[in-house]
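Starting from the structure of chain A, add chain B where the hints point.
2 protein chains.
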Amino acid sequence: MPNHSEIKNLLENREIGKKIVVCGWVKTFRSNRFININDGSCIDDIQCVIDLDSFNKETLSKITTGSSIRVKGQIVESQGRGQNIEIHVDNLEILGLSHPDNYPIQPKKHSFEFLRENAHLRARTKTISSVLRIRSKISYAIHKFFNDNNFYYIHTPIVTVSDAEGAGEMFKVTTLDLKKIPQTENNDIDFSKDFFGKETNLTVSGQLEAEAMALGMGKVYTFGPTFRAENSNTSRHLAEFWMIEPEMAFYELTDNIDLAESFIKYVIEYVKIECENEINFLSERLTKEEQSMPQNQRSELSLKERINFVIKNDFVRINYTDAFNILKNCKPNKKGKFKFPVKEWGIDFQSEHERFLVEKHFKSPVVVFDYPAKIKAFYMRLNEDKKTVRAMDILFPGIGEIVGGSQREERLDILENRIKSMGIDKKELWWYLDLRKFGSVKHSGFGLGLERLILFITGMGNIRDVIPFPRTPKNADF
Amino acid sequence: MPNHSEIKNLLENREIGKKIVVCGWVKTFRSNRFININDGSCIDDIQCVIDLDSFNKETLSKITTGSSIRVKGQIVESQGRGQNIEIHVDNLEILGLSHPDNYPIQPKKHSFEFLRENAHLRARTKTISSVLRIRSKISYAIHKFFNDNNFYYIHTPIVTVSDAEGAGEMFKVTTLDLKKIPQTENNDIDFSKDFFGKETNLTVSGQLEAEAMALGMGKVYTFGPTFRAENSNTSRHLAEFWMIEPEMAFYELTDNIDLAESFIKYVIEYVKIECENEINFLSERLTKEEQSMPQNQRSELSLKERINFVIKNDFVRINYTDAFNILKNCKPNKKGKFKFPVKEWGIDFQSEHERFLVEKHFKSPVVVFDYPAKIKAFYMRLNEDKKTVRAMDILFPGIGEIVGGSQREERLDILENRIKSMGIDKKELWWYLDLRKFGSVKHSGFGLGLERLILFITGMGNIRDVIPFPRTPKNADF
Numbered sequence: 001m002p003n004h005s006e007i008k009n010l011l012e013n014r015e016i017g018k019k020i021v022v023c024g025w026v027k028t029f030r031s032n033r034f035i036n037i038n039d040g041s042c043i044d045d046i047q048c049v050i051d052l053d054s055f056n057k058e059t060l061s062k063i064t065t066g067s068s069i070r071v072k073g074q075i076v077e078s079q080g081r082g083q084n085i086e087i088h089v090d091n092l093e094i095l096g097l098s099h100p101d102n103y104p105i106q107p108k109k110h111s112f113e114f115l116r117e118n119a120h121l122r123a124r125t126k127t128i129s130s131v132l133r134i135r136s137k138i139s140y141a142i143h144k145f146f147n148d149n150n151f152y153y154i155h156t157p158i159v160t161v162s163d164a165e166g167a168g169e170m171f172k173v174t175t176l177d178l179k180k181i182p183q184t185e186n187n188d189i190d191f192s193k194d195f196f197g198k199e200t201n202l203t204v205s206g207q208l209e210a211e212a213m214a215l216g217m218g219k220v221y222t223f224g225p226t227f228r229a230e231n232s233n234t235s236r237h238l239a240e241f242w243m244i245e246p247e248m249a250f251y252e253l254t255d256n257i258d259l260a261e262s263f264i265k266y267v268i269e270y271v272k273i274e275c276e277n278e279i280n281f282l283s284e285r286l287t288k289e290e291q292s293m294p295q296n297q298r299s300e301l302s303l304k305e306r307i308n309f310v311i312k313n314d315f316v317r318i319n320y321t322d323a324f325n326i327l328k329n330c331k332p333n334k335k336g337k338f339k340f341p342v343k344e345w346g347i348d349f350q351s352e353h354e355r356f357l358v359e360k361h362f363k364s365p366v367v368v369f370d371y372p373a374k375i376k377a378f379y380m381r382l383n384e385d386k387k388t389v390r391a392m393d394i395l396f397p398g399i400g401e402i403v404g405g406s407q408r409e410e411r412l413d414i415l416e417n418r419i420k421s422m423g424i425d426k427k428e429l430w431w432y433l434d435l436r437k438f439g440s441v442k443h444s445g446f447g448l449g450l451e452r453l454i455l456f457i458t459g460m461g462n463i464r465d466v467i468p469f470p471r472t473p474k475n476a477d478f
Numbered sequence: 001m002p003n004h005s006e007i008k009n010l011l012e013n014r015e016i017g018k019k020i021v022v023c024g025w026v027k028t029f030r031s032n033r034f035i036n037i038n039d040g041s042c043i044d045d046i047q048c049v050i051d052l053d054s055f056n057k058e059t060l061s062k063i064t065t066g067s068s069i070r071v072k073g074q075i076v077e078s079q080g081r082g083q084n085i086e087i088h089v090d091n092l093e094i095l096g097l098s099h100p101d102n103y104p105i106q107p108k109k110h111s112f113e114f115l116r117e118n119a120h121l122r123a124r125t126k127t128i129s130s131v132l133r134i135r136s137k138i139s140y141a142i143h144k145f146f147n148d149n150n151f152y153y154i155h156t157p158i159v160t161v162s163d164a165e166g167a168g169e170m171f172k173v174t175t176l177d178l179k180k181i182p183q184t185e186n187n188d189i190d191f192s193k194d195f196f197g198k199e200t201n202l203t204v205s206g207q208l209e210a211e212a213m214a215l216g217m218g219k220v221y222t223f224g225p226t227f228r229a230e231n232s233n234t235s236r237h238l239a240e241f242w243m244i245e246p247e248m249a250f251y252e253l254t255d256n257i258d259l260a261e262s263f264i265k266y267v268i269e270y271v272k273i274e275c276e277n278e279i280n281f282l283s284e285r286l287t288k289e290e291q292s293m294p295q296n297q298r299s300e301l302s303l304k305e306r307i308n309f310v311i312k313n314d315f316v317r318i319n320y321t322d323a324f325n326i327l328k329n330c331k332p333n334k335k336g337k338f339k340f341p342v343k344e345w346g347i348d349f350q351s352e353h354e355r356f357l358v359e360k361h362f363k364s365p366v367v368v369f370d371y372p373a374k375i376k377a378f379y380m381r382l383n384e385d386k387k388t389v390r391a392m393d394i395l396f397p398g399i400g401e402i403v404g405g406s407q408r409e410e411r412l413d414i415l416e417n418r419i420k421s422m423g424i425d426k427k428e429l430w431w432y433l434d435l436r437k438f439g440s441v442k443h444s445g446f447g448l449g450l451e452r453l454i455l456f457i458t459g460m461g462n463i464r465d466v467i468p469f470p471r472t473p474k475n476a477d478f
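Residue numbers (our numbering), protein chains in the order written: chain A, 1 to 478; chain B, 1 to 478.
Excised from the complex, chain A in its bound form (with noise of 0.2 Å):
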């Protein structure tokens, strides 16, 4: 194993007068003699200071923003403010050169624009670097949490042939020459000659696939890659983003919402705690960037007060018709200030109605279930009233639908009659009909983008700065 040191460890371990040796790129030089490196391995810089004397000028000149070097000398505590210890420098290596002119991150504010478009470099920001950290964390409290709890981690496909669920817009894989598209007789496209035999799509969604392991293994969960091929350009949206979906045998409507309640305040929690430094840095930045903004619309709570807020609080758990009377008799409605006015039941709630039910009548995550059957898929499970759906949406503060879930339809005939209902083809589902067929049993399940719950815990305004390289129209660069 390698025989340098890593700056996350020398900060934690405070090892006075230990002699080691560090590497890392080169943050600020400053004069002449304190030189902040970070490798990466944690949100904090390490200052290595060095005797101006011990080493001539073309060495020092080549110390600049980007460039790495690698250290040889001793921990001390440190003189300074803001460092608790320092490193002096006995031996100095240059490994890697940064020319100042060229080099696009220089220590200034960068638009997250500029960094999009250097998304190859941007993860030497402590903004975007911070991101990741968490994003890594969120990852990982995911599976320790449904680690810890039984679930078992299944990799449903990316590459499918179902287009049933109707999620959304699906991406086409194929290995056809698109310039000869083999044809049959008809003049229609002769998928038999392609890669899988029939026409195949990116998933949407692995939860039908879940559900079928559920049905075997208990509590299940999928973890990957989804897709949308939609045209939406928004701070909200990319083609490409990843989901967690679990699936439990024997578990009803609201097991599954006690579960995905705590689940979501098991992951936060564990970041809070593992990634303090790096919350408490992007809590500051977002109070500086809204220090800019006119004071109405200013988050009422800092960052840290909003995940502590969610930590400790119950979520609101509120039926459709419940939600919808509110919205019915809010203020804002009866004043015409909602572009979609709530009038009769059964609407789909849009944006600013999800919006205003968690940030300005509830002031909480707010969870709503029993949606009308007619706005929801073909798989969820229909109420007595046979006009609701045992549905829910998790909506939360500044994000909207963080969470969608359900109890399925375990019922063989209902379920038949519903996709008929909806003009689904039963053939391309017999799989999924025959897990009603053989020992049916009640189960439930919900979808969390992991996206946005990034956002919600990082603050960040724009779902292409929480994910590495972000898929969106006309962008899949890198």
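Simulated from the structure, these hints should not be mistaken for laboratory data. No false leads were mixed into what you were given.
Simulated crosslink set (DMTMM-like; lysine to aspartate or glutamate; CA at most 25 Å straight-line):
| hint | chain 1 | residue 1 | chain 2 | residue 2 |
| --- | --- | --- | --- | --- |
| 1 | A | K179 | B | D425 |
| 2 | B | K72 | B | E15 |
| 3 | A | K474 | B | D190 |
| 4 | B | K179 | A | D188 |
| 5 | A | K427 | B | D477 |
| 6 | A | K437 | B | D477 |
| 7 | B | K179 | A | D425 |
| 8 | B | K272 | B | E359 |
| 9 | B | K109 | A | D434 |
| 10 | A | K144 | B | E269 |
| 11 | A | K474 | B | D188 |
| 12 | A | K19 | A | E77 |
To give an idea of the interface, some chain A residues facing chain B are shown, with a C-beta separation under 10 Å as derived from the structure:
| hint | residue |
| --- | --- |
| 13 | V26 |
| 14 | G66 |
| 15 | I128 |
| 16 | Q183 |
| 17 | L435 |
No residue lacks a Cβ here, since even glycine has one placed at the ideal position from N, Cα and C.
Only chain B this time, still in chain A's reference frame:
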């Protein structure tokens, strides 16, 4: 949360006398008295003992293999052999029927081919569910190892414009209407009309992007799906499989090998402990299966012995040239037993050569390093001899290559020469070259195929049986 208990917890906690509720699928129903059920939480069933007189005939007739039931009762010490506890049933509810004439998964031996055709139900079998539980625990161990060792988990893109890696044939991703492919004036395909505005593919590796992240965040790893559109209908190839790719700044090749070896040992040992029952079961299964084979085709070691062997022994490390000489001078080569005779230095080793080294010559996992530059990728670091590169492959008994890695070329001029000499378009790699322009450092990484590691730990013979829904040529069912 639901008020039923999970069988895993019941068997672990052994709370004799406790009143509980348990749900599951019927495995067997013997003597009108003993119902074995499994809920997927672990490999073991729990035996539910009913008092025949308390239930009417109609109810009893519905308790068939694959049906689902809910049982209330009391935990009692088991009378039978092989179980530590059983449930004395007070109340039994049939949840879902399973008609014996139609349910495919009857309590008898099914061929793996048959189970693949019923992949939606095969997680209800002991063998497949054991494999999938092991898959889950392997995945968790991977995340735990990296998290505990200060690595950050990164999600590299699945849809990519890059095809420079040359790791294999690729799937196209498109939203173009295949019946009306738009054309440019030159009769080329007009990809500017496509979703991403460019020709895009499914990734074959996240390595290049992982390098960009490592050169900001220090130590990172990917864990995600990768794709090969190769028409390989073998028991070792999938079109869609999961890969783990760590990438470490400031690591040289030896550090890289050290890491890979300790990583693999950690994961195998973790799973050996966490999935002891599953591995015992699969080890016995394999031994039984091999009993029907001729003596000389049986494994010298049982599955459990193989696992222990890998954990306890150092991997053999040998450079390509030494390995080449062993192969050139070995008996099978001299006697013309190899399909591909070993004659000239510079050849790529074939499966038969790797197996000879691992299974016959060293009888150990083997790390081969410093391969001829000509047979390896452009990004591998050129040695002083100008003929070999700092590549390494780890070869496993029965599996072949399980890890492929290298120290990456960090010197801009040499990298540019390699790209040129391999006929790759430099423009496409502008950002990858940038990483060598700004604070370039030595770095290394490797890729490990998840499914191959599962094959090793489970002793399964076909890679299609270690992933829930395999994707292979002409097959994307479910």
